[in-house]
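Which chain is which? The protein sequence lines are A and B, in order.
Residue numbering for the first sequence follows UniProt numbering, beginning at 1 and increasing consecutively.
Residue numbering for the second sequence follows UniProt numbering, beginning at 1 and increasing consecutively.
Cβ-to-Cβ under 7 Å is the rule here; a few derived chain A residues that face chain B: (1) 321; (2) 322; (3) 328; (4) 335; (5) 338; (6) 341; (7) 342; (8) 353; (9) 411.
Mimicking DSS-like on lysine-lysine, the simulated pairs with C-alpha atoms at most 25 Å apart in a straight line are: (10) B:56 - A:364; (11) A:282 - A:272; (12) A:359 - B:62; (13) B:121 - B:62.
The set of hints was computed from the structure by calculation and includes no laboratory data.
We treat Cβ as the ideally placed atom computed from N, Cα and C, and that holds for glycine.
Chain residues, written in single-letter form:
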Amino acid sequence: MKINIEGLLVYFPYDYIYPEQYSYMLELKRTLDAKGHGVLEMPSGTGKTISLLSLIVAYQKAFPLEVTKLIYCSRTVPEIEKVVEELRKLMEFYSKETGESNNFLALALSSRKNLCIHPEVSALRFGKEVDGKCHSLTASYIRAQRHSNADLPACSFYEEFDAVGRQVPLPAGVYNLDDLKDFGRRKGWCPYYLARYSILHANIVVYSYHYLLDPKIADLVSKELSKKSIVVFDEAHNIDNVCIDSMSVNITRRTLDNCHKNVDTLQNTIQKIKETDTAKLKEEYRRLVEGLKEANVARETDVYLANPVLPDEILREAVPGTIRTAEHFVGFLRRFLEYLKSRLRVQHVVQESAPQFLKDIFDKVCIDRKPLRFCAERLQSLLRTLEIADIADFSAVTLISNFATLVSTYSQGFTIIIEPFEDRTPTIANPVLHFSCMDPSIAIKPVFQRFQSVIITSGTLSPLDIYPRILDFRPVTVASFTMTLARTCLCPLIVGRGNDQVALSSKFETREDFAVIRNYGNLLLEMSAIVPDGIVAFFTSYVYMENIVAAWYEQGILENIQRNKLIFIETQDAAETSMALEKYQEACENGRGAILLSVARGKVSEGIDFVHHFGRAVIMFGVPYVYTQSRILKARLEYLRDQFQIRENDFLTFDAMRHAAQCVGRAIRGKTDYGLMIFADKRYARADKRGKLPRWIQEHISDGSLNLTVDETVHLSKHFLRQMAQPFRQEDQLGLSLLTLEQLQSEEMLQKIAQIAHQT
Amino acid sequence: MDDQGCPRCKTTKYRNPSLKLMVNVCGHTLCENCCDTPLRKSNFRVQLFEDPTVDKEVEIRKKVLKIYNKRDFDFSSLREYNDYLEQVEDIVYNLTNNLDVENTKLKMEQYQREHRDLIQKNKATLTREQEELEELLLLEQQGNEQRRLDVLQDEQRQLQAKRKNKQALLDELEQSQLPATILLAQHKVRAAQLETQIEQQKQTVKPTNLFSTGIHMRQTVSLVAVPKVEDVLFHYKPLHVETYGPPVPELEQLSRVGYLNHVRAAMPQDTAGGYTSALACHRAIQDAFSGLFPLKG
Chain A
1 MKINIEGLLV YFPYDYIYPE QYSYMLELKR TLDAKGHGVL EMPSGTGKTI
51 SLLSLIVAYQ KAFPLEVTKL IYCSRTVPEI EKVVEELRKL MEFYSKETGE
101 SNNFLALALS SRKNLCIHPE VSALRFGKEV DGKCHSLTAS YIRAQRHSNA
151 DLPACSFYEE FDAVGRQVPL PAGVYNLDDL KDFGRRKGWC PYYLARYSIL
201 HANIVVYSYH YLLDPKIADL VSKELSKKSI VVFDEAHNID NVCIDSMSVN
251 ITRRTLDNCH KNVDTLQNTI QKIKETDTAK LKEEYRRLVE GLKEANVARE
301 TDVYLANPVL PDEILREAVP GTIRTAEHFV GFLRRFLEYL KSRLRVQHVV
351 QESAPQFLKD IFDKVCIDRK PLRFCAERLQ SLLRTLEIAD IADFSAVTLI
401 SNFATLVSTY SQGFTIIIEP FEDRTPTIAN PVLHFSCMDP SIAIKPVFQR
451 FQSVIITSGT LSPLDIYPRI LDFRPVTVAS FTMTLARTCL CPLIVGRGND
501 QVALSSKFET REDFAVIRNY GNLLLEMSAI VPDGIVAFFT SYVYMENIVA
551 AWYEQGILEN IQRNKLIFIE TQDAAETSMA LEKYQEACEN GRGAILLSVA
601 RGKVSEGIDF VHHFGRAVIM FGVPYVYTQS RILKARLEYL RDQFQIREND
651 FLTFDAMRHA AQCVGRAIRG KTDYGLMIFA DKRYARADKR GKLPRWIQEH
701 ISDGSLNLTV DETVHLSKHF LRQMAQPFRQ EDQLGLSLLT LEQLQSEEML
751 QKIAQIAHQT
Chain B
1 MDDQGCPRCK TTKYRNPSLK LMVNVCGHTL CENCCDTPLR KSNFRVQLFE
51 DPTVDKEVEI RKKVLKIYNK RDFDFSSLRE YNDYLEQVED IVYNLTNNLD
101 VENTKLKMEQ YQREHRDLIQ KNKATLTREQ EELEELLLLE QQGNEQRRLD
151 VLQDEQRQLQ AKRKNKQALL DELEQSQLPA TILLAQHKVR AAQLETQIEQ
201 QKQTVKPTNL FSTGIHMRQT VSLVAVPKVE DVLFHYKPLH VETYGPPVPE
251 LEQLSRVGYL NHVRAAMPQD TAGGYTSALA CHRAIQDAFS GLFPLKG
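Extracted from the complex, chain A is given alone in its bound form (with noise of 0.2 Å):
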């Protein structure tokens, strides 16, 4: 169908629209309209990812010299997969209304281990061997050693690519990783590096949110993606620790004797080249006294996106004069490394700022601050001038050198702390070197600095006036969209009592209560006996299912649940949940039933769907905060109080409330879907805890649904599934929460529409 919204012709690929999407499209092109960034919920199953690209491609056909591209960054594979899918559908639509052929060209981007086509490389199993394999075939200097030496191994794809690829644009349309593989072999050029390159004049480019964040890979790809883009975050619930993890460095003995090797290897070369090939060192060091004069012109002539590890500063100052020459260099690489050894060799817990470091340092090895905040620069440099074929074995250092320049530019919003051993294992000595960062708006603030809009999208935002507080940025529209049912097809409940009246709850002076362990048996026990097919059931942590499961065991409640369904356990190791998974769905599919016990934060919670009968009841016992003691997180909260004002509990609840919505969120994925949402704690009846749950769940929360017993909860489960068990039609959603284009243009509806979104 065709919308009009506000003045803007969109197509919309399907007969019928929900009344939340209209709503949607409506905020999302006054964010665009403004030039401005957007924070925007929306419940999951409602179609936001066919909202967003309708309008932003009607938006950039209809104004295409305001907005020349979209960046739509997503968290997984299947889920870039999935974007890519929808878009098809879009441009499919496009083509089949206009009756022209299509002329914008939209492509998923992902690393060189999905896109890889070359017979020997793309059979490695880890991305890290594939990217080495890789650089080791296509380096520029490599490449030259070739006309040398033509016995040297090739890749024909990129030497082929490099020969022609470039001079005739990839043609028009949309292409998934399979496509651009295709693609790649027909022509016989690589995909990688056709899509890296073809990103440049795209419409449309879909890839993973470190493409943008992490400084390291942003550098890489996105960093001459044009000013005039539209990025859009999707699923960016957890966005604020995408961005503390890109810039966070985790030091152990295991990373400084690797680095100690490649600073080995760095000096021989060096012994090596020296005697062959000095000229190279001598153009490198004249390179470096006249300073990163290059770079700096381009950062300031706006062509590139910022890299919030190379400051401005080094970009207008010469490399000071104590690791200019490569020895020199190497000799402060030994040094500091040798000092971050003796760093490790602690007893007890230290935790320090940037500044004080830097002070230590200085006393204890002489190194100033300024050199080391040249130290990745001048190692990229320097691995550039040597020609080292396999990047991949130099991460360490890397990762060393990272460190040097961020702990010396920040002096603030990053934190060092020293442990010797794990919480778990005190006796075991393995000191880590935490360098953390605090502070997720460093390594986001250069996208909201370059780019004209950013939009911060997922089902589970709320509340929806923090993110713009921890990422620092001003957002011209923030709004939370409801779900428009026909029925209610969720059931929110909350049990606070067991039978016996005993307070449910998880918190840590009742975890290793029987009474509690036995009421929550009892509660899956009566869930399995009523919930037809699939029941999924989440724990706060790995360690707490663990002793639950085994409490169950010994009580003889497994035993009886296991009348009804397969119990089936997430684990730690990936293979095994995915092998879990699958045979979970295969008994439900078959109708015999299934309970998968999980994890809050686990893998199961966040990317995997459960839809119909897959998930017809979520149980959430207790409240996943996540670990307090971690000196990391307090730290962080510290940080947080002091610079934003906010306060450790609401920060604490408010992770805890993200995640146990998204672990509930898993059932509901459309509004032909239903299910049950269980929270199995008394804390959840507090208005702290509720009012931080996205719109569209705290409204189907009654007062009579809060401080339950096993046996209402029962009760009331019987009575939904009565009622959702009944027949339900297309027709019964329409003109309520399922449109056609007449219904939405009448005035009524108009109006009923204006009020979904909720503003704050």
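Model the placement of chain B on the given structure of chain A, informed by the hints.
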């Protein structure tokens, strides 16, 4: 006899029959060549690093940096400073790797002699970066201290307020005519209000070690002498204007000579701004008198 060898240079009696081993007070043997370096107890240090060469380098570096302590403001351009830094690195590198030791040492001594004053002066000053660091550390310390005090004060205040509230309730129960339930309810409301007040009362106390200009009290101002500008002193000469006319009477003399009789007297409002009729008159006479004589010469 195979095992007799120098632990340092690894020469054995077998390879070098004329090897002579020396023993020091600690009982460790060294060959004749190696024991040239005099060992002193005061020179022994705790080994900080796994790699002893790094220990050695750091030791040498500290010594060298004591002599080569020029700061970036001692140079006119960054380029020169960087060249200097590289030179220092070269010296350290040579000394640690035993390359050209004699020459390097000579060079150092010479440098020390030539730059004695500068070295002495720079000993007292920190580099700018270290200054910044110190400042950051200070700020951090202050922040921590301030936070601790704030928390303490807050707690104190809360405790006091609560105590006061309780006392007030007791007093009221004793004296008031109202029924106890109402009083209790009132007390509850008041207590709730108090809580919210306490929440809001986050007094921000400004740090006291700042001057009003925002400069830190303990900040070390760099002690470089203000550069002297050597120029000829300015000498005042009274202005002389050639008018080519008869001399104009002085401002003070105008009224005495009678010029002012022919000018409009100043109104009282005019005099408020400092105007006198003499001013206008004087200007008019200057105008009239100038250019009356023909050009001389």
